[in-house]
Structures are given as structure tokens and as C-alpha cells.
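Novice: Construct all of the structure, not just a fragment, from the sequences and the given hints.
Protein chains: 2
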Amino acid sequence: MKIALIQQKSYVTKEKTVKKTLNDISNASQNGAKLIVLQELHQTEYFCQSEDTKFFDYADSWKEDIAFWSNIAKEHNIVLVTSLFEQRTAGLYHNTAVVFDSDGSVAGKYRKMHIPDDPGFYEKFYFTPGDLGFEPIETSLGKLGVLICWDQWYPEAARLMTLKGAELLIYPTAIGWFDEDRKEEKERQLDSWITIQRSHAIANGLPVISCNRVGFEKDSSGVMDGIRFWGNSFVCDPQGSLIAHANHQEETILYADISKERTKEVRDIWPFLRDRRIDTYEDLLKRYCD
Amino acid sequence: MKIALIQQKSYVTKEKTVKKTLNDISNASQNGAKLIVLQELHQTEYFCQSEDTKFFDYADSWKEDIAFWSNIAKEHNIVLVTSLFEQRTAGLYHNTAVVFDSDGSVAGKYRKMHIPDDPGFYEKFYFTPGDLGFEPIETSLGKLGVLICWDQWYPEAARLMTLKGAELLIYPTAIGWFDEDRKEEKERQLDSWITIQRSHAIANGLPVISCNRVGFEKDSSGVMDGIRFWGNSFVCDPQGSLIAHANHQEETILYADISKERTKEVRDIWPFLRDRRIDTYEDLLKRYCD
Numbered sequence: 010m011k012i013a014l015i016q017q018k019s020y021v022t023k024e025k026t027v028k029k030t031l032n033d034i035s036n037a038s039q040n041g042a043k044l045i046v047l048q049e050l051h052q053t054e055y056f057c058q059s060e061d062t063k064f065f066d067y068a069d070s071w072k073e074d075i076a077f078w079s080n081i082a083k084e085h086n087i088v089l090v091t092s093l094f095e096q097r098t099a100g101l102y103h104n105t106a107v108v109f110d111s112d113g114s115v116a117g118k119y120r121k122m123h124i125p126d127d128p129g130f131y132e133k134f135y136f137t138p139g140d141l142g143f144e145p146i147e148t149s150l151g152k153l154g155v156l157i158c159w160d161q162w163y164p165e166a167a168r169l170m171t172l173k174g175a176e177l178l179i180y181p182t183a184i185g186w187f188d189e190d191r192k193e194e195k196e197r198q199l200d201s202w203i204t205i206q207r208s209h210a211i212a213n214g215l216p217v218i219s220c221n222r223v224g225f226e227k228d229s230s231g232v233m234d235g236i237r238f239w240g241n242s243f244v245c246d247p248q249g250s251l252i253a254h255a256n257h258q259e260e261t262i263l264y265a266d267i268s269k270e271r272t273k274e275v276r277d278i279w280p281f282l283r284d285r286r287i288d289t290y291e292d293l294l295k296r297y298c299d
Numbered sequence: 010m011k012i013a014l015i016q017q018k019s020y021v022t023k024e025k026t027v028k029k030t031l032n033d034i035s036n037a038s039q040n041g042a043k044l045i046v047l048q049e050l051h052q053t054e055y056f057c058q059s060e061d062t063k064f065f066d067y068a069d070s071w072k073e074d075i076a077f078w079s080n081i082a083k084e085h086n087i088v089l090v091t092s093l094f095e096q097r098t099a100g101l102y103h104n105t106a107v108v109f110d111s112d113g114s115v116a117g118k119y120r121k122m123h124i125p126d127d128p129g130f131y132e133k134f135y136f137t138p139g140d141l142g143f144e145p146i147e148t149s150l151g152k153l154g155v156l157i158c159w160d161q162w163y164p165e166a167a168r169l170m171t172l173k174g175a176e177l178l179i180y181p182t183a184i185g186w187f188d189e190d191r192k193e194e195k196e197r198q199l200d201s202w203i204t205i206q207r208s209h210a211i212a213n214g215l216p217v218i219s220c221n222r223v224g225f226e227k228d229s230s231g232v233m234d235g236i237r238f239w240g241n242s243f244v245c246d247p248q249g250s251l252i253a254h255a256n257h258q259e260e261t262i263l264y265a266d267i268s269k270e271r272t273k274e275v276r277d278i279w280p281f282l283r284d285r286r287i288d289t290y291e292d293l294l295k296r297y298c299d
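Chains as they are written, first to last, in my numbering: chain A, 10 to 299; chain B, 10 to 299.
Calculated from the structure, these hints are not laboratory results. A portion of the hints provided could be inaccurate.
Only pairs whose alpha carbons sit at most 27 Å apart, straight line, appear in this in silico DSS-like list of lysine-lysine [stated by the list, open to error]:
#1 K273(B) x K192(A)
#2 K29(B) x K295(A)
#3 K152(A) x K63(A)
#4 K63(B) x K29(B)
#5 K192(B) x K152(B)
#6 K173(A) x K295(B)
#7 K269(A) x K192(B)
#8 K273(A) x K63(B)
#9 K273(A) x K195(B)
#10 K28(A) x K43(A)
#11 K227(A) x K63(A)
#12 K152(B) x K195(B)
#13 K11(B) x K118(B)
#14 K295(B) x K269(A)
#15 K295(A) x K152(B)
#16 K83(A) x K18(A)
#17 K29(B) x K192(A)
Specialist: Structural data, given as C-alpha cells:
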């Protein structure tokens, strides 16, 4: 199964940004990609760098956005993983991945469950934590375990998707460096980010797809300089081996061939699911055991 | 805090193997190590390559072994992590880490919870799965999250130790290659093994210490050739960065300096424990959601 990840910049306006995405989708589709994954909140800049109610307006188009991307999926006959800003009602918003099947139908939604809040990533202001749980989305290409960005740091999320039958783990994401950090710290952060996601492949015997944005985006509030999104979108196999990997500064359509059969081969050798001590995991449901 | 891992070969007899270990402990202690970690089942060869009741005799000395290593810890004034074959009663055995404090007292025990069973690693024949849970062991150097070998593939084990206050994660282990496997497969296996353990450091903001055996050990049953234990003992910091790393073929006393303060710095930047969705993790207690 040929897949494509679109690692791109924000072009300031939604119109220009989406135009670039559509161009890449068209190319990827012509090159045979059947599953196309877009980065987190791909229609706009990463607006969570500051807290400003004006950005809630971006969610006004939620319903039109769904209709729009539905048409794109149908036109190109692809399964399409989008990442949108959901307005559920006034004052209630989610960071939501919508997956479209190749006939344009909505295959399913995933509302980001783990919400970060750190300097430059003020997501708790914008997004209500998801309430749809960790449910794989059934498509004509299989069951997709779609998670979003901050979720990638949580082994629990990947495991739950696995236990519910996901055949791929997919992370649309938006993560980058602050220019003022030292080179060694930047390298450690990037390496940790790749490592933790590869570990989900290994622990669960599943391919992992991670699609990140790239390029510098200014903090519009002027409080900080901005974020240099580090790209490095990648695909790894069920042993965690990288099979495709983009660099840190260029827009890229990243292609990979994924074999779902490899999961069975790897899991039959490394049968981690067989030996889980579910009789002793109850404290995982606690915040802390003090 | 200076620590040392002793990565060594099996010298066929217990007497010779332990003699080498004692020599290394003496050197490590003289070089200032306060915590010394030994590899899995360090007193003997890795006898689980075949299923033979004669090997249960190795557990006859369980009580004497405890007295023996207690004296060593006291003599060198070190916290010592050992990995022994526990005879609990006739026909009931565990793969048990015993931790001694620097005064020679038994600080605590950990009975291996996840038990493998694969060609060449027939541990389900020998070891009853642990029934002491995932409890860190309190020592004069802090709370040690001791886990053993196969446990290292389970994010659940590392998380539970973390939630119970572990300040370090420690894995005595015995893992290696079969010579007949292809070079690429061997590289993938080693890389997966390092990656999954580094991921526990990252997910939990804790240093990880992994001590593996090295050298070739024949399968005494003659069914398979044997296992070439791949060494590569390592220590990584709470971001998963390697701070000490042994090679795949040499006996090594591997030293590292560990800073417990670094955990707070890293966790304050990456507060993963803050955002766990414990209200939605209940299915982690299931074998599979079908």
C-alpha cells in the first residue's frame, strides 16, 4: 500500500496554504498514493502560539471544511487524513482529525485526547480534551489509529488503539524548535520525538506514520519570536525501523510502501501482546500512587 | 551519583563466573561507583535455552546466594542490584532481582512479571510470573524501579514504576542474536531493544540503566547452536540521550554519572504526567478489545 505524507509550510492565508496542499495531494495521488496524511491544523498557521479569541473564528468554517476535504478525497479516490479546528458549539472547540474514505464519505473522527499547554503551545485555551476515546477509524484501507501530536508522548494512547484493532498508527503533528535553544538541546528534543514514536511501533508491532509541519512561524503576539517547525516527518515499520524520513527544512511529499502483512511476522516473533500482565495494571488508571 | 554496570561473559561454572563478577565489583567500587548493577541471572550461563529439570538445581542455593551477595554489598559499601534464581518452594521458582543496600541488608525484591517464551528463551518453563507487582525498591540512594529483561518491552511496567515514585529504571537483561539471522535483522533487533528502553526514559522523565550479558553461549541440548549475547549495556538520561554505552563483544565495567535533579528539569518542560487521560485508560486492563 503506497502512502504519502505532506510536510509543508504555512503560507499565512488559508487560501494560499490550502492551494499548496491541494497541489501536493494531486501530485501524490498521480504518483499512486492511496492514503494521504496531512499535518496538524494544516489549513492555517499554528495559531496556538498565543491565546487570542480571534482565532476561534478559524473554526467557523468547520462544516464547510468537511464538505471541502470530502470532495478532495472523492476527486482523487484517496483515503485522506485531515486535521481541522472543530466548532462543536459556541465556546466548545476540539482539535479534530477527520478521515475521509475514497468515496468522499466521512470514515470517522478523532478528537485529540491529550492537550498540551507549554510556552508557545497554548492548546488548553483552544481545545477541549477529546471525548470520543481511542477508537480506530475503519476505512477501505484498513483500521487507522489516528492520534494527534501531544498524544505521541503517551504509550497508553498507542496501546489502546492497538488493543482496539488499529493496523496503522498515524500522527498529524506540529512541533518545532525555539531558535534561542542550544544546538544540543534541539538535537535531544528531535531525537526524543522520533524515538518515542518509533517505540510505539515496536511495543505494538504496527507501522507508524508521523506528519509534521516545517518552516518558521512568527508569534503574532510578539511575546516570543516564534517556532521553527522541525519537519522530520517519517514512516517506520512494525520493528521501528525508519522506511521514509523527511529533512528539517524542506517541504516534502514523503512516500512509503506499507505492508500490513509485516505486522503478523513481527508480532509472531515478538509476541508482546501475549504476555501483558493485565491482572496487575490497575494503577495505570491513577494520576499518581501517593 | 556514580554508577557501574557489569557486562560480562559466563565462565561455564558458577565459581569462575562469580569470581569474575567479584573482581569487577571490587574495581568499580574502588573507582567510586555507589550503585552497581549486574546482568540477568549473572551467576550462571543463561540456562533457559532449553527445558531441562536439572537446571532447577541452580535455585537450591537461593538462600546462600542472598547471604553471599549481602556480604559483598556490605564489604564494598555499595547498593547492589543482583539477579538470582529463586526457589520459593519445590516446583515454584521465580526470576528475581534482589537489591542490597550498602549495609548488606535486603532493600527489596522484584520478581520478573512478564515472562517470555520463544525458541531459545524458554522461560515459562522455569519461572512463575511475579506476584509482587511493580514496586520500586527503597534504598539509601533512592527508589529504584528494578525490572527484568522481557519487562523492557512493556511501557506499562515502566509507567507503573514511575507512578509509584521510582527515581531510576533498571533492567538486568540477557538478550542476544542467533548467528544464522541476517545482519540487517540483527541490527533491527538491537536497535529496537535500545529504542524501546530509551522511550521509557522519555515517556517517564527518568534515567534508564540496562545491563546485558555478552559472549556466545552454546545450547546444551544441541537443538539450536546457541545465543550470541549482544552486550550494548547502556545508561540514558531522562530525555533518552545515551550517556554511556558498551559495545557488543567485550566485557565492560560501564560507568555513568546520574543526576536525579535532571528529572525535575525535564519533567517541568515536558509534563507528560500532568496530561494523562486516566478517565479513558480502562481498556488497558483488557487482553484485547474484540
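Novice: State for each hint whether it applies.
Specialist: Going through the hints against the structure:
no., hint, verdict
1, K273(B) x K192(A), "21 Å, holds"
2, K29(B) x K295(A), "44 Å, violated"
3, K152(A) x K63(A), "36 Å, violated"
4, K63(B) x K29(B), "24 Å, holds"
5, K192(B) x K152(B), "39 Å, violated"
6, K173(A) x K295(B), "10 Å, holds"
7, K269(A) x K192(B), "23 Å, holds"
8, K273(A) x K63(B), "35 Å, violated"
9, K273(A) x K195(B), "19 Å, holds"
10, K28(A) x K43(A), "20 Å, holds"
11, K227(A) x K63(A), "17 Å, holds"
12, K152(B) x K195(B), "34 Å, violated"
13, K11(B) x K118(B), "22 Å, holds"
14, K295(B) x K269(A), "24 Å, holds"
15, K295(A) x K152(B), "19 Å, holds"
16, K83(A) x K18(A), "25 Å, holds"
17, K29(B) x K192(A), "42 Å, violated"
Hint compliance for this structure: hints 2, 3, 5, 8, 12, 17 are broken, all remaining hints hold.
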